[in-house]
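Residue strings, one per chain:
2 protein chains.
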Amino acid sequence: MHILPPALEELIEAFAGLPGVGPRSAERFAYYVLRNDTHIAHRLSSALEDLHSNIDYCKKTFALVERGKEFSDLYTDPTRDKTLIAVVAEPFDLVALEKTNEFHGTYHVLGGLISPIDGVGPEQLHIAELIARVDEDKVQEIILATNAGVEGESTALYIQQQLEDREVRVTRLARGLPVGVDLEYADQITLSRALEGRQTIER
Amino acid sequence: MHILPPALEELIEAFAGLPGVGPRSAERFAYYVLRNDTHIAHRLSSALEDLHSNIDYCKKTFALVERGKEFSDLYTDPTRDKTLIAVVAEPFDLVALEKTNEFHGTYHVLGGLISPIDGVGPEQLHIAELIARVDEDKVQEIILATNAGVEGESTALYIQQQLEDREVRVTRLARGLPVGVDLEYADQITLSRALEGRQTIER
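Residue numbers (our numbering), protein chains in the order written: chain L, 1 to 203; chain W, 1 to 203.
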C-alpha cells in the first residue's frame, strides 16, 4: 500500500540524496514544491538540467566558467595582478576569498587535495599547470590557501617543494584566533599556531 | 564580473528558494550536484518535472494519489475501518499517523486550517465533503487530529459544531507530556493540558 504517490516518494528520495538533507527535510522540500505553482518545480528542474552542459573550467586557473568561455574573468580582468596567485583546493573556495574584497591577484584551483587514502596523487591535481603559470606569468608570490587539515598541509608542502628552485615567494594564510572568538574557547592547535605566529605591536 | 558562472548562480538561487535553505546550504547542494555525475542532476530534475503531472487528490479523502487513481489505497483497502475517520490538515500529516501502525481507520485531509488572516475560511477546506462522508459511510467516530495551535483549535471547534446534530463521536488527540521529555522542560500550556487530561491508574 502506498502512503504517498510514487512520484512524490521519488522526489523525496532524490532530495534526500543532497548532502546534509535528512528524510524530514526532504519531505518538507517535496511538499513545498508540490504545494506551490509548477513554476518553482520548473525553475529548479531546468537549472539542474542545464548545469553540467553550461559549465566549463578556465583553461588557466581551473575556476568555473560558463561553457564556451576559455578563461575566467578573474584571470582576464586587467586590474587583477597576474604575478600573485592564491592556490585553493576547490572552485568554491575562491568565492570566500573573493568576498573579502581584499585580494586582487588571480586564483589557481587545484581540483582537490593530495589524499593517498582516496587515491588522489599530485598528478591528478592541477599542480603542473600551476608551475607552468609561475614561469609564463613571471609570478612573484604564491599564497597557499588550502585548509588547515592534514591533506591541506601535505598538499601545501608538496607544492612548496616543487617550487623550491624557482624565484617565487611562497606564503600561507595566517593561522590564529578567528575574529570574535574568545581565548577560552579556542582549541589548542589554533592557539599554538596563534602563539607561533605572534606579531610585534608597533609603538 | 562573475565569480561563478550564471548557470551555477541560477541553481544556487533555485535551491535557496526551498524552505529553510540558506545561501551556504544552497551553494553546498549546487556544488555537490556539479561535482557528481550528471545522473544525480537528472534524477532530481525529472522527479521535479514529473511531480505535478503525476499527482492527484483522492476524491473521497483528499489524500495524495497518483494521477488517474480515483481513491487512495488508504480508503479502498478493505481492512480499513471506514466508520472511523482521522481528520488532518495537510496530506503529510497522515504519514505521521500512518507510521504509528496503530490507526486502522481512514483519513480526511482538510487541505489547510481556518485562518482569517490568510483569508482561509471553512468553505475553502474539505469540510462539506467530510460531513457528506459521515452520512454516506455511517461514520461512528471522527478524530480531530489537527495541530494544537490557534488555527488547529478553531478548525476543530468549527467541525465539531457542524457535526452537532449528527450521531457521531467526535474525539481529539490527547494533549500531554511527550514521551521522553522531562517534567521540568515541559512548557506551561502542555503541562496544563496534561493535568486536565490526567488519567486514573487502574489497580
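Errors might be hidden in some of the hints.
Said to hold, decoys possible - Here are the simulated distance ranges between beta carbons:
hint, chain 1, residue 1, chain 2, residue 2, range
1, W, Y32, L, R35, 19 to 27 Å
2, W, S115, L, V181, 38 to 46 Å
3, W, R35, L, R35, 26 to 34 Å
4, W, E153, L, D118, 49 to 57 Å
What the hints assert, rightly or not - If the Cβ cut is set under 8 Å, some of the chain W residues that face chain L in the computed set are:
hint, residue
5, R43
6, I117
7, V120
Claimed, not checked - If you want a taste of the chain W side facing chain L, the calculated C-beta under 7 Å gives, among others:
hint, residue
8, I3
9, F29
10, L44
11, V95
12, E98
These are computed hints drawn from the structure, not numbers from a lab.
Glycine included, C-beta positions come from ideal geometry on N, C-alpha and C.
Check: Under the criterion of a CB-CB separation shorter than 7 Å, is V95(W) in contact with chain L as hinted?
Finding: For V95(W), the interface hint holds, since the closest Cβ of chain L sits about 6 Å away, which is under 7 Å.
Checklist line | Cut-off 8 Å, beta-carbon criterion: hint that V120(W) touches chain L | finding: Nearest chain L Cβ about 13 Å off; hint violated.
Checklist line | Hint check for R35(L) and R35(W) - Cβ pair distance inside 26 to 34 Å | finding: Check passed, 30 Å falls within 26 to 34 Å.
Next item on the list: Go ahead and decide if the range 19 to 27 Å is satisfied by the Cβ distance of Y32(W) to R35(L).
Entry: Hint holds: Cβ distance 25 Å, inside 19 to 27 Å.
Check: Does the Cβ-Cβ separation between E153(W) and D118(L) fall within 49 to 57 Å?
Finding: With Cβ atoms ~55 Å apart, the hint holds.
Checklist line | Restraint check, 8 Å cut-off on beta carbons, for R43(W) near chain L | finding: Holds: closest Cβ of chain L sits about 5 Å from R43(W), inside 8 Å.
Next item on the list: Can you let me know if the beta-carbon spacing of S115(W) and V181(L) is within 38 to 46 Å?
Entry: holds (44 Å)
Check: Under the criterion of a CB-CB separation shorter than 7 Å, is E98(W) in contact with chain L as hinted?
Finding: holds (5 Å)
Item checked: Proposed interface contact between L44(W) and chain L, which counts if any beta carbon pair is under 7 Å -> holds (4 Å)
Check: Should the hint that I117(W) touches chain L count as held when the rule is a Cβ pair under 8 Å?
Finding: Cβ of I117(W) sits 18 Å from chain L, so the hint is violated.
Check: Would the hint on I3(W) stand, with a C-beta cut-off of 7 Å toward chain L?
Finding: holds (5 Å)
Check: Can F29(W) be said to touch chain L, with a Cβ gap under 7 Å?
Finding: holds (5 Å)
Comparing the model with each numbered hint stated earlier shows that hints 6, 7 do not hold.
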